[in-house]
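Visitor: Here's the letter readout for the chains.
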Amino acid sequence: MLARPERFFADRFGLNARAMERLLGTTLAGRVDHADLYLEYRVSEELVLEEGAVKKASRHVSQGAGIRAQSGERTGYAHTDDLALPNLEEAARQARAIADRASTSAVVAVGADGPPHDLYSLPEPPIAADLGRKLQLLGQMDAAARGLDPRVRQVIATLGSEDVVVMIATPSGWTVGDVRPLTRLNITVIVEDGARREIGSYGGGGRVGFPFYLEQDRWKHYTTEAVRQALMKLDAVEAPAGEMTVVLGPGWPGILLHEAVGHGLEGDFNRKKTSAFSGRLGQPVASELVTVVDDGTIQNRRGSLNVDDEGVPTRRNVLIEKGILRGYMQDRLNSRLMGMEVTGNGRRESYAHPPMPRMTNTFMLAGQDEPADIIRSVPRGLYAVNFGGGQVDITSGRFVFSASEAYLIEDGRVTRPVKGATLIGNGPEALTRVSRVGHDLKLDEGVGTCGKDGQSVPVGVGLPTIRIDRMTVGGTQV
Amino acid sequence: MQDLLADLLKQATRRGATAADAFVVQDQSFSAQVRLGQVDTVKHAREQHMALRVFVGKSVAAASTSDLSAEAMTRLVDEAVSLARVTSPDELAGLPEATELARQVPDLDLRDPRGHDLPPEEKIELARRCEAAALGADARITNSEGGDFGDRRARYAYATSHGFSGAYETSSFSLAVAPVAAENGEMQRDSWYHVTRKRERLDGPEEIGRIAARRAVRRLGARRVKTAEVPVIFDAETAATLVRHIAGAASGPALYRRASFLVGKLGERIAAPSITIVDDGTIPGGLGSRPFDGEGLPVRRTVLVDQGVLRSYVLDTYTGRKLGLPSTHHAARDGSGVSVSTTNLHLAAGDRAPADLIRSVKSGLYVTELIGFGVNGVTGDYSRGAVGLWIENGELAYPVEEITVAGNLLDMLHAVEGVGNDLVFRDRTAAPTLLIGRMTVAGS
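Which chain is which? The protein sequence lines are A and B, in order.
Using our numbering, the letters of the first sequence correspond one by one to residues 2 to 479.
Using our numbering, the letters of the second sequence correspond one by one to residues 23 to 466.
By construction, these hints were calculated from the structure, which means they are not laboratory data.
Hints should not be assumed to be uniformly reliable.
Said to hold, decoys possible - Ranges between beta-carbon positions, derived for each pair: (1) B:GLY185 <-> A:ARG23: 44 to 52 Å; (2) A:SER457 <-> B:GLY286: 32 to 40 Å; (3) A:GLY133 <-> B:GLY286: 48 to 56 Å.
The beta-carbon is built from N, C-alpha and C at its ideal position, and this holds for glycine as well.
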């Protein structure tokens, strides 16, 4: 949309650096530990094809400001979608009301050390790409899906694009902006064979331009995968129930890490000591084959950010190193209260929400094993390669993630496909049972959205092929 | 607000729309969280947005904005109309017939005119008392995710180019707490809550706190159980999630896309005769009540499942036309257009006391919480993570966790062997305790 967020808010709303400093300085400064102003302007577009035609198209514009004042563990947050200065001043007063009895007045300085990232500069943001080309691509996907198999009865293809301009200012005058493009292309097919009916879904995207989908025929790959998965499920047998060895394929099955350890390593739960990982820094929480990182700095990835939503540059943070718990993911509040470094993980869904520690792109580093050998090593087990969503109870550590494509392993060979089943485990234990790690690390295609406390943010996951010696599979076949 | 909409629709027509509808919503909300007796987060918010849907002939498009200035409204119209010129025509697209529109906007008592006046300090105090009650209820409650109070008031207006214009206001109040119980190095969190449209009808903070504490403490000492096929009782909260899955499968968009296990099942037996599922948007003060749906049609009471027989789907005008059926007046709106949603959805109460249902099970599972997304709406295949209590000889014997419950929703509905008499609306969807004869529980 444009390259300079500070100019954008100044030109459009008269909110220049001086106006913001005055707002933060006079209304907020001096009596709180931290205060910030977050401005956001978001344009998004959604195109939906079904029954062979794009019958649904929509465009949305939202804008607003979130103002936060913190003292001690207290946070006051006010937001408004009216960016007129008097409104922002009112919001600032409300935010401060909560933080009034502050003991200190220090504003935590955050070193914006090093050059800022430039992770997603694009010649043309996806939202600006020609509408005709977008519609044409959705039509091609529909035709391709139907051409693959006569059992394809329905095709729903969705292309979403957005551009978000943000700017963050603190009373120390420190201001940082970012322009964040994001796009996602998804296809869902319904197949029917006699009385049996199944669904398959696939997609991808990132902080990339529209041509991304045409490069390497990605759109064809998404289409073929959705159809293949749906047809495969038509033949699926009942999934097994009970404990068994599980082999996870590379890529999206990395959702295991997101649920099993990721959320439990977010700073807020650990400061409050409500996480199953609280107080376990330096202790073994996984097999020594396991190293897990959260990296917000990968070029063009869905979970990447130049700066987080508190203006802190993102980093590559090692969470678990060779099985030992090394670090938590932090926002400003929790890092300050825990006396730890900020890690660039302070994120929010929009101006209407205060930031929290959140993941970016979370994955396990590659190991040494040949993926085929890992499968061969299992006499009886489950090979799961695609998943729907997952969820975790942070406090007890119990997590689930639901396989949408899985197969039985019998005598070291992948045999019959099984119906979808939920896998359940205990976060601090599950990764201690990882006995093989493949050399085939893959990041997901760029479709993940993480929900926490009612806030959704785009994230990435990644995994090499791994073997988990024991995990409960929630099928129906006893 | 209605004047604003009338102006917007006029502009849309002038710019080439052959028909249009629009809504605007303005809301104001407050929330406070207190943790370990200290204020943790307080939020104030004021939000608004406006959404327009236009038809150009048989083509349709939508646009929305949070900026209600005259300039932004002109842009909104331009964007919607130009998008509608590139989308494909759809013979069935269009507004409902004018004759079907609601002729009056009934007062369903959805607003609490004085409830929001409570000063912020007293709202915070409610959250504090709620958490204090939980922390004080048992020595094993050692920590907390916090007590929360929230209130929201919203004004909603909707209008169409063929003559409908209506508006209403709503209030909502919520109080919740999530305590953490600990013993022998084990930690368990649970929560309890209440949501109402009238502040005075909120359960007392002490009562909510005590129940939350009891729920957290009873999870301590959780074990795993051996994989088995057993009777499963869903408590009222988890039974309500099953009702949501049924309504999801009965929804128009899922049906015309053939992405539902209820395709072609209208008029057929889909559940045990003890199962009746009703959606009633007319309940005065109901959390899901609304005086008209998202297309201006009057809301009503719909029996979805009558003694086990599927009697109605959940449809708006478009999905109804796709299926050759009239709308059931379940249209809901968002910025992208029209979808469907239920209102006050519930499974009708049976005649068995929950304790009686538990007593009838020799060995089985009593489910109190479900996690994960393992529900396939196309096939009805069901597999979710569960937390609960193990039943032995008709008694709740010990807590269990790290297990799954699996089956198929249609099989589960047919296998219902008991319906509780404990129907209470705590949310928009409610159900009594439900006993299902047999499901697979996977554990160790």
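Visitor: Now look at each hint and say whether the structure bears it out.
Guide: Tested hints:
1. For the pair GLY185 of chain B and ARG23 of chain A, the supplied restraint of 44 to 52 Å holds, since their beta-carbon distance comes to about 49 Å.
2. For the pair SER457 of chain A and GLY286 of chain B, the beta carbons lie near 35 Å from each other, so the given range of 32 to 40 Å is met.
3. For the pair GLY133 of chain A and GLY286 of chain B, the supplied restraint of 48 to 56 Å is violated, since their beta-carbon distance comes to about 38 Å.
Against the hints set out earlier in the document, a violation occurs for number 3 only.
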